[in-house]
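K.L.:
Between the sequences and the hints, there should be enough to build the whole structure, so can you do that?
Respectively, the protein sequence lines represent chains X and D.
Just so you know, our numbering puts 458 at position 458 of the first sequence, and the rest follows in order with no gaps.
Just so you know, our numbering puts 538 at position 538 of the second sequence, and the rest follows in order with no gaps.
It should be emphasised that the hints constitute simulated quantities derived from the structure, not laboratory data.
Since we're looking at a predicted model, the values are computed, not measured.
Treat the hints with care, since some could be wrong.
Same chains, same label: a pair holds when it works inside one copy or across any pair of copies.
Unchecked claim - Keeping only pairs whose Cα atoms sit at most 20 Å apart, straight-line, the calculated PhoX-like set for lysine-lysine is:
| hint | residue 1 | residue 2 |
| --- | --- | --- |
| 1 | Lys513 | Lys497 |
| 2 | Lys159 | Lys79 |
| 3 | Lys510 | Lys497 |
| 4 | Lys398 | Lys529 |
| 5 | Lys510 | Lys398 |
| 6 | Lys243 | Lys497 |
Protein chains: 2
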Amino acid sequence: MKAITIIASMAVAASVTASAEAPLAWTDASAHTPQEGAVKVELRPDTTLAVWHGQRVGLQALLTPDALLNGKTLRPRMKSAGGMQADARFMRYTLTNDFRACGVPPELEPWAVADIIDLDTALTVESGRNYPLWVTVEVGKDAQSGELSLELVDEASGKVMAEIPASITVQPFSLPDPSSKDYFHLNLWQQPYAVYRYYNVEPWSPEHLKLLEPYAALLARAGQKAISTIMFYEPWGEQSNDKFLPMVETTKKKDGTWSYDYTAFDRYVEFMDSMGVGPIIECFSMIPWDMNFRYRDEAANGEYAYLKTTSDTPEYVDLWSNFLSSFQKHLDEKGWSDRTVMAMDERGLADIQRAIKLVDTYAPKLKVSLAGYYHPELADKLYTYSIEVEPWPADVLKRRHDLGLVTTYYTCCATPAPNLFSNSDPADGAYIMAYSIATGADGYLHWSYQNWTDDPLGDTRFKLFAPGDTYFIYPDGRSSIRYERMVEGIQMAEKIKALRADIEARGDMKLMKQLNEALLPLQMGRRSKHATTAVIVENLQNDLSAISAELAR
Amino acid sequence: MKAITIIASMAVAASVTASAEAPLAWTDASAHTPQEGAVKVELRPDTTLAVWHGQRVGLQALLTPDALLNGKTLRPRMKSAGGMQADARFMRYTLTNDFRACGVPPELEPWAVADIIDLDTALTVESGRNYPLWVTVEVGKDAQSGELSLELVDEASGKVMAEIPASITVQPFSLPDPSSKDYFHLNLWQQPYAVYRYYNVEPWSPEHLKLLEPYAALLARAGQKAISTIMFYEPWGEQSNDKFLPMVETTKKKDGTWSYDYTAFDRYVEFMDSMGVGPIIECFSMIPWDMNFRYRDEAANGEYAYLKTTSDTPEYVDLWSNFLSSFQKHLDEKGWSDRTVMAMDERGLADIQRAIKLVDTYAPKLKVSLAGYYHPELADKLYTYSIEVEPWPADVLKRRHDLGLVTTYYTCCATPAPNLFSNSDPADGAYIMAYSIATGADGYLHWSYQNWTDDPLGDTRFKLFAPGDTYFIYPDGRSSIRYERMVEGIQMAEKIKALRADIEARGDMKLMKQLNEALLPLQMGRRSKHATTAVIVENLQNDLSAISAELAR
Numbered sequence: 001m002k003a004i005t006i007i008a009s010m011a012v013a014a015s016v017t018a019s020a021e022a023p024l025a026w027t028d029a030s031a032h033t034p035q036e037g038a039v040k041v042e043l044r045p046d047t048t049l050a051v052w053h054g055q056r057v058g059l060q061a062l063l064t065p066d067a068l069l070n071g072k073t074l075r076p077r078m079k080s081a082g083g084m085q086a087d088a089r090f091m092r093y094t095l096t097n098d099f100r101a102c103g104v105p106p107e108l109e110p111w112a113v114a115d116i117i118d119l120d121t122a123l124t125v126e127s128g129r130n131y132p133l134w135v136t137v138e139v140g141k142d143a144q145s146g147e148l149s150l151e152l153v154d155e156a157s158g159k160v161m162a163e164i165p166a167s168i169t170v171q172p173f174s175l176p177d178p179s180s181k182d183y184f185h186l187n188l189w190q191q192p193y194a195v196y197r198y199y200n201v202e203p204w205s206p207e208h209l210k211l212l213e214p215y216a217a218l219l220a221r222a223g224q225k226a227i228s229t230i231m232f233y234e235p236w237g238e239q240s241n242d243k244f245l246p247m248v249e250t251t252k253k254k255d256g257t258w259s260y261d262y263t264a265f266d267r268y269v270e271f272m273d274s275m276g277v278g279p280i281i282e283c284f285s286m287i288p289w290d291m292n293f294r295y296r297d298e299a300a301n302g303e304y305a306y307l308k309t310t311s312d313t314p315e316y317v318d319l320w321s322n323f324l325s326s327f328q329k330h331l332d333e334k335g336w337s338d339r340t341v342m343a344m345d346e347r348g349l350a351d352i353q354r355a356i357k358l359v360d361t362y363a364p365k366l367k368v369s370l371a372g373y374y375h376p377e378l379a380d381k382l383y384t385y386s387i388e389v390e391p392w393p394a395d396v397l398k399r400r401h402d403l404g405l406v407t408t409y410y411t412c413c414a415t416p417a418p419n420l421f422s423n424s425d426p427a428d429g430a431y432i433m434a435y436s437i438a439t440g441a442d443g444y445l446h447w448s449y450q451n452w453t454d455d456p457l458g459d460t461r462f463k464l465f466a467p468g469d470t471y472f473i474y475p476d477g478r479s480s481i482r483y484e485r486m487v488e489g490i491q492m493a494e495k496i497k498a499l500r501a502d503i504e505a506r507g508d509m510k511l512m513k514q515l516n517e518a519l520l521p522l523q524m525g526r527r528s529k530h531a532t533t534a535v536i537v538e539n540l541q542n543d544l545s546a547i548s549a550e551l552a553r
Numbered sequence: 001m002k003a004i005t006i007i008a009s010m011a012v013a014a015s016v017t018a019s020a021e022a023p024l025a026w027t028d029a030s031a032h033t034p035q036e037g038a039v040k041v042e043l044r045p046d047t048t049l050a051v052w053h054g055q056r057v058g059l060q061a062l063l064t065p066d067a068l069l070n071g072k073t074l075r076p077r078m079k080s081a082g083g084m085q086a087d088a089r090f091m092r093y094t095l096t097n098d099f100r101a102c103g104v105p106p107e108l109e110p111w112a113v114a115d116i117i118d119l120d121t122a123l124t125v126e127s128g129r130n131y132p133l134w135v136t137v138e139v140g141k142d143a144q145s146g147e148l149s150l151e152l153v154d155e156a157s158g159k160v161m162a163e164i165p166a167s168i169t170v171q172p173f174s175l176p177d178p179s180s181k182d183y184f185h186l187n188l189w190q191q192p193y194a195v196y197r198y199y200n201v202e203p204w205s206p207e208h209l210k211l212l213e214p215y216a217a218l219l220a221r222a223g224q225k226a227i228s229t230i231m232f233y234e235p236w237g238e239q240s241n242d243k244f245l246p247m248v249e250t251t252k253k254k255d256g257t258w259s260y261d262y263t264a265f266d267r268y269v270e271f272m273d274s275m276g277v278g279p280i281i282e283c284f285s286m287i288p289w290d291m292n293f294r295y296r297d298e299a300a301n302g303e304y305a306y307l308k309t310t311s312d313t314p315e316y317v318d319l320w321s322n323f324l325s326s327f328q329k330h331l332d333e334k335g336w337s338d339r340t341v342m343a344m345d346e347r348g349l350a351d352i353q354r355a356i357k358l359v360d361t362y363a364p365k366l367k368v369s370l371a372g373y374y375h376p377e378l379a380d381k382l383y384t385y386s387i388e389v390e391p392w393p394a395d396v397l398k399r400r401h402d403l404g405l406v407t408t409y410y411t412c413c414a415t416p417a418p419n420l421f422s423n424s425d426p427a428d429g430a431y432i433m434a435y436s437i438a439t440g441a442d443g444y445l446h447w448s449y450q451n452w453t454d455d456p457l458g459d460t461r462f463k464l465f466a467p468g469d470t471y472f473i474y475p476d477g478r479s480s481i482r483y484e485r486m487v488e489g490i491q492m493a494e495k496i497k498a499l500r501a502d503i504e505a506r507g508d509m510k511l512m513k514q515l516n517e518a519l520l521p522l523q524m525g526r527r528s529k530h531a532t533t534a535v536i537v538e539n540l541q542n543d544l545s546a547i548s549a550e551l552a553r
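P.N.:
Below you can see the structure in the form of C-alpha cells.
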C-alpha cells in the first residue's frame, strides 16, 4: 500500500495562481471534493432553498483561494436571517479507499475524502487547493424567509474576504419534532466504549457521560428511537475495535442463585433519556455471536467465569430465566418495561425462537427485536424487525405497519450501494432514508455509530468491512456529510408523510397524482449512471418543495 | 447430454393406482407441472373468478387419472355461461433446460415443460401421469356472471367422466379493444420466414399468408401495435435459424440509379392490416448488424451484389438517400407515411445519429425507433424507444410519455428473470407487462415471436440464447402458457389504467390510496423467494378485483 498524506491544514509554500472565477461558491453536496484539482460539480455564486419550519438544512460551499487569499488565515462565519441558527465550518479530510464489501479489505489505493465537518476553526489557506465548507442551518419554529450569507473573515485584519448569499424561503409547514412517536424510526447502535477508550476515562463515569453528550445530541436531533444496552459480555466477539462492556454485572452466588447489578444500565438509560434519545431500550443479546456469557463467580472469589453454551441447554435456560425474571422486575420498578426490547442480531431461526419463548415465559412484558434475515415465521411476532432492503416482501411491510410493528431497512458491509460508507456517494444517505418510507418501511437501522478505528479522525479504514462502515460521527462530536445527508433524507421522509396526509385530508386528487409521480422514481429503486441517487434525491427535493408551494397557495 | 424422452401422449402399460383424491382439479398457472410425480400447487375442486367484459381469461386444470380413467381416450369440453366463449385443451410437453443467459448454452440436463396449449385433441391417458389442461375464456361484451364447467368426455362412450365448475363474476367494466390507440404498446417482432420454411411454401404466396393467419390473430388479440418489415437482407446476420428475407427488392441499374419493388412489403402490410395488427409499420434496418446490404445488380445480369460499408461513407448515403426518397413517395401513395417507423436494433450512437439525419433529410415524414441502449441524446427524438428495464431513468419515462412518445421495456437473453423463456416462471409474463405500465412505460417489446428452432414443437432449445427466447407461439398457431400469461399481464395493465382514470374522475381518495398501495409491490420491482412474480401478480389481481367491486357498488 502506498502511503498518502492528507494535505495538512496549514499554509505551505505554493505558487500563487490567479483565478478568473470567484474563490468562494456554493456547490452541491453530492460529490466528494478532491483536495486538489478541478471539481466536477457546478459552482454557483448564490443559491435558493425552500425549507420547512423545524428543518435542519445542509449547504456545501467551496473555497478555491486566489492570489489575494493565498496564505491568509480565514474563519467562516454566517450572517443569518431571523429565526434561523446557522453556522459554517471547514470540512476536513480523512482517508478512505474504494472497498465496498465485507471481510478483510484487499490492498487498495487510499484517497482523501472531505467527510468530516470540522469544529469551529480558522484555516490558513493556499491557492491551488480546494477547501470545502459546510453550512448547517436550523430553521426555527418562528423563522421567516430571508437571506443568509457565508462569509470568510481574515483573522489578521478582521476583514470579510469573500461572501456568498443564500436565499431561503420558509414554507408554511412544520416538520414534526424528531422525538415524536410517529417520526422516522432511526436506530443507530451506539458504541460508548470507543469514547472512553479514545479519551481514556472510566466507563460510565460522569466524565464519560459528559463526553457522550454531543453524540447523544446528534442522535436526538436525527430522531434516534433506541438506546443500545448490553446485557452480557460480548455480543459480537472480535468484530469491533472496542469490546462491548456489559451494563449489567451478573454474579453467580455460592448457592447457585444469581444476582444482578443494574447500576451502569440505569445510568446509561437515564443519561440517554436526559438527552432526548429513545424511548426504546434495546438489550443485546440473548444469542450473541459466540454464545459465551461472562459472569462473576462468587465461588471463585468473584473472578470472571464464562458459560459457553447453546440455546437448547438447561444451563442456557437457567441463565436466562433467572435473568429475565429479575430484569423485568427491575424494569417495572423503573417504569421501563413497556419500552424495553430484547434484541438479537443475525442468528438462526431455532435460536431466535427459543429466545423468544424464554422472553414470553419469564419477561412477558418485554418485546423482541431482530436485525437479520427474513423469516416469515417471525414477521408478525417481532416488534422491531430489520433486514436488508431487498428481501422484504412489500405486502409484509404493509401488514406489519398496519399491526403497529416497526420495520426498518438496514445496510451493512453486504450492500455496496447505496450505503453510508466514507466512500459512498454522499446522496446515498438521503436516498436510503426517503426510500425506506416511500416503500412502506418505517425507518433505518445501522449496526454502528461511533465504533471508531485506531485513528478515527485520520483514517476511516478498518481491518474489516468497507471504510467508514463502523462510524460516521467523529471525535469531539464532529458531524459528517454522511450524518447530515442522512438527516436530510429523514426529513424528506417526514415531508412525504406530512404531504400525503395533508393531500388526503383535502381530497386534492391532482396533488395526490403529483406526489405519487414524484415518489415513483424512488419507489422503483432503479439506479444507474443516468439516475444516480444524487439525481433521484434532487428531483424529489424539488418536487416536494413544489407540492408544498402548491398546497400553501 | 443425456437424452430424455417426452412421454408420448398415448397409453402405455402402467400399473393402475387408486387415488383418494378427485382426478380432475383446478390448479394455479404459476408453476410448471411435471409429467410424473407430485405437483407442488394447490388442487381446488372449484374456483371463482372476477372478470371484466372483453377479458381473455386463462385457467389451468390438472388431470391425474385414477384407475377408472386409466387407458381411456378423453376429450376436454367446456359448458359455458351466456356471452362467454370457452374452450379447453390438453397442454403439451416440449423440451427446455435451466439455461437463462446469452450465447452458446452449456450442456445442461433437459426437462419437459408443459408450455404448449395443444390443438383440440383427445388424449389416451394413464394413471401415474400428470395431464395439465388449459381453459381459455373470452368474456364477451354481453357476458353475464355464471358458471362454467370443464368436462372430460370418454370418446368411446360419450360419457362425461370428470367435471369441475368455475364460477365467474362479470364486473361492470370493459377492457378497451386491443386495437385501440392507447392500449398497451405490444411489439413482438415477427418471423414469417420460419413459417414458410416449416411448411415449405413460397414466401408471400397466398398459401404463406393463409398459414400466417393464426399467428396474426394471436398478435391482434394481444394488442400488437407494430408490423415488422425488412428492407434489406439481412438485419441480424447469423443469429436466427431462418434468414430474414427482404420485403423490398432493390436493384442497381446500369446507369447507377436505383429501383425498388415493394410488392412483398405491400402484401405483408396489407395482410397484417386485414388481421387487425398495427398500425405501426417498423422497417429494419438502416444499420444492420453486419452493415452489409444486398441488392440486384443490373450490370451483372441481375445477380445479387452486396454493399459492405459503414454509416459514414458516400456509398451509404447514396444507398439510403435514394431508398428513403423512393420509400416515402411509395408510402405517401399508400397513405402509410404517418405510421411508418425506421427501426434500429442495438447499434452505436454515431451510427444511429447518422441514420436519423438521413431520415430527417430524405424521408422527413417517417419516424425512427430504437431497441438498444439508453442514450440521453436520443431520449426526446425516438418515437418508439425500447431498452431493458433497469437503465431507464424514471423521470425520462414520464417526460417521453407526456411528449406522446412511446417507451417500452424489452427482455432478451440478457435478463435471467423475469422473462418469457420456456423455463421462466409462468407468472413472469403477467408480471413484466403490468410492471411496465405501473412504472411509467407504455408497453413491452420482444425481439422474437415465431423464430422457430429446427423442431419447434419438440424442443425449444436453440444454438444460442435461453431456450424459448426465440419463440412462444408454436406450429399450427398453438398458443402457450407464456402467451396467455403475457395477455393476462397486458389486461392487468389496462385495468390499472382504467381504474386509475375512473378513481381520479370520481375524486375518491380512499380508493386511490388503495390502488396505490396495491401497485407499490409491483413498482418496487423487488422479487425474492418470499415475493415471487407469482405472489406479486396474484396479490395484484385480487386487489384489482376488490377495487373494481368497490367502484361498482
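K.L.:
Hint numbers the structure violates, sorted upward?
P.N.:
6
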